[in-house]
Amino acid sequence: MNIHHSKNVMSFITFNLFAFLCGILGACIGAAFTLFLPLKNEKVIDILIGFTSGLMLGLISFGLIPEAISLSSLLPCIAVLIISYIAIGVIERYLNTNSILAKNRYIKSGFLISIGIALHNFPEGLAIGSSFTFNHRFGILVGIMIIIHDIPEGFALAIPFKIAKRRNIDILKIAFLSGIPTGVGCLIGSLLSSITKLLMAGCLMAAAGAMLYVVMSEMIPEYSRKEDFKICAISNMIGIVFALLLLEWLEL
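If you're matching positions, the sequence shown starts at 1 in the UniProt record's numbering and goes up one per residue.
These are computed hints drawn from the structure, not numbers from a lab.
For glycine and all other residues, C-beta sits at the position ideal for the given N, C-alpha and C.
Do not take every clue at face value.
Pairwise CB distance ranges (calculated) [stated by the list, open to error]: (1) 35 - 73: 37 to 47 Å; (2) 38 - 242: 15 to 25 Å; (3) 216 - 35: 42 to 52 Å.
All chains should be modelled from the sequences, with the hints used to inform the complete structure.
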């Protein structure tokens with residue numbers, strides 16, 4: 001009996017470590033792609049801003065919101081979305097009191113995106129943890145899918161910091177930290193699988209509200225002032241389509 005219990009404990013610990021790895025690895029791989037981008041050309045920056053904003057809009061519209069509504073109901077989801085949107089606006093006003101963040105909108109956008117992705121990664125961890133309690137192999141499959149799913153999010157997170165010319169090691173550190181909530185969510189999901197649906201729905205809508213605020217208040221206004229607006233708009237649409245194809249491929 002003790003041997004069986006010890007095996008279960010070891011399996012539980014191993015799986016939660018796997019969840020931490022899933023969240024961190026996906027975000028860091030995505031962020032690593034940005035380290036080699038040639039950002040000296042202004043047109044390349046405009047294209048990346050457009051693509052990243054489209055990618056985030058696609059993930060919000062086709063991924064986060066429908067998934068949250070399927071786990072809960074429409075009105076509570078709308079309420080959480082609005083509250084999250086307003087909360088990120090309040091956080092932005094606080095960040096504007098910081099001289100470094102107020103002067104560089106890209107760094108500020110990067111921090112706000114980091115908050116949104118961290119909020120999103122927590123319910124991903126809940127999904128892995130809940131899957132683990134149901135079926136070990138299915139939980140591992142969900143974890144692998146989340147690694148792939150988090151790559152574009154890590155990319156979106158890193159782009160503003162890269163444009164702001166932050167050090168590569170700092171960008172990877174931020175991506176690393178954004179992945180930690182996946183492991184925390186997995187631990188909670190493994191222990192409290194009976195309440196995770198409503199919690200997942202709330203976190204998904206909170207993430208959607210946070211990311212939507214960044215796109216609507218920071219990224220779209222930034223590229224709408226550009227001379228090459230059409231290029232930005234086209235890259236925005238490409239980002240939306242890419243997100244839709246990715247979500248369809250992963251069946252998320």
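Comparing the hints with the structure gives:
no.: 1; hint: 35 - 73: 37 to 47 Å; verdict: holds, 42 Å
no.: 2; hint: 38 - 242: 15 to 25 Å; verdict: holds, 20 Å
no.: 3; hint: 216 - 35: 42 to 52 Å; verdict: violated, 28 Å
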